[in-house]
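Trainee: Take these sequences, add in the hints, and give me the full structure.
Mapped onto the numbering used here, the consecutive letters of the sequence shown carry residue numbers 625 to 769.
Be aware that a few hints might be false.
[Claimed, not checked] Mimicking SDA-like on lysine to any residue, the simulated pairs with C-alpha atoms at most 25 angstroms apart in a straight line are:
1) 749 x 634
2) 749 x 653
3) 749 x 761
4) 749 x 695
5) 749 x 704
6) 749 x 717
7) 749 x 671
8) 749 x 677
9) 769 x 731
10) 749 x 686
11) 749 x 669
12) 749 x 769
13) 749 x 728
14) 769 x 719
15) 749 x 722
16) 749 x 632
17) 749 x 715
[Said to hold, decoys possible] Ranges of calculated distance between the beta carbons of each label pair, as one might list FRET restraints:
18) 715 x 755: 21 to 31 angstroms
19) 679 x 635: 29 to 39 angstroms
20) 700 x 724: 20 to 30 angstroms
21) 758 x 694: 20 to 30 angstroms
22) 746 x 768: 42 to 52 angstroms
Quick caveat, the hints were computed from the structure, so don't treat them as lab data.
Every residue, glycine too, gets a C-beta built ideally from N, C-alpha and C.
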Amino acid sequence: MSRRTAILTDAVLNRLRDSARRAAGHSYSPYSGFAVGAAVLAASGTVYSGCNVENASFGLTQCAERAALTAAIADGAAAGSLQVLLIYTPGDTVHPPCGACRQVMHELMAADGTVVSCCDSAELKTWSGSEYLPDPFLPEALPAK
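Mentor: Below, the structure is given as structure tokens:
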């Protein structure tokens, strides 16, 4: 059994889904009506959650995934230590993360971390880092200081 499989137990998924579902209930999404919640599991076992927070200037909207990741980093979780990120959207359709979230996930999630998307049905979609962002922009691409 791989480490990835060992982490994705029903208990872990249920814990993350409950946290993400609660967060989605706090979504501020008056423009799209598309509430999203996310929860991320740190290596310490701590779960951090976030919801999408929209703004009339759409470019300033904060996605749930980035909100959860930011909460983990703000609490002291190390970049690269976040194990599983679960995205929850109400309804019967599983949705993938946006491109901006995929890039942030790549930098903050563990190299062997997993992203899971779920909804109110039993459907789940999972991705490894190389699956959700096969060709990321890497820090090495930045000019040397």
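Trainee: Next, verify each hint and record whether it holds.
Mentor: Evaluation of the provided hints:
1. 749 x 634: Roughly 14 angstroms between the alpha carbons, so the hint for residue 749 and residue 634 holds.
2. 749 x 653: holds (24 angstroms)
3. 749 x 761: holds (24 angstroms)
4. 749 x 695: OK: residue 749 and residue 695 at ~24 angstroms, within 25 angstroms.
5. 749 x 704: Answer holds: residue 749 to residue 704 is near 22 angstroms, not above 25 angstroms.
6. 749 x 717: holds (10 angstroms)
7. 749 x 671: holds (20 angstroms)
8. 749 x 677: This hinted pair holds, its Cα atoms lying about 24 angstroms apart.
9. 769 x 731: holds (20 angstroms)
10. 749 x 686: holds (22 angstroms)
11. 749 x 669: holds (22 angstroms)
12. 749 x 769: Distance ~40 angstroms between residue 749 and residue 769 Cα, so the pair is violated.
13. 749 x 728: holds (19 angstroms)
14. 769 x 719: Answer violated: residue 769 to residue 719 is near 39 angstroms, above 25 angstroms.
15. 749 x 722: holds (14 angstroms)
16. 749 x 632: Status holds; Cα separation ~12 angstroms.
17. 749 x 715: holds (15 angstroms)
18. 715 x 755: 21 to 31 angstroms: holds (23 angstroms)
19. 679 x 635: 29 to 39 angstroms: Holds, at about 36 angstroms.
20. 700 x 724: 20 to 30 angstroms: holds (24 angstroms)
21. 758 x 694: 20 to 30 angstroms: holds (24 angstroms)
22. 746 x 768: 42 to 52 angstroms: holds (49 angstroms)
When held up to the earlier numbered hints, the structure conflicts with 12 and 14 and fits the remainder.
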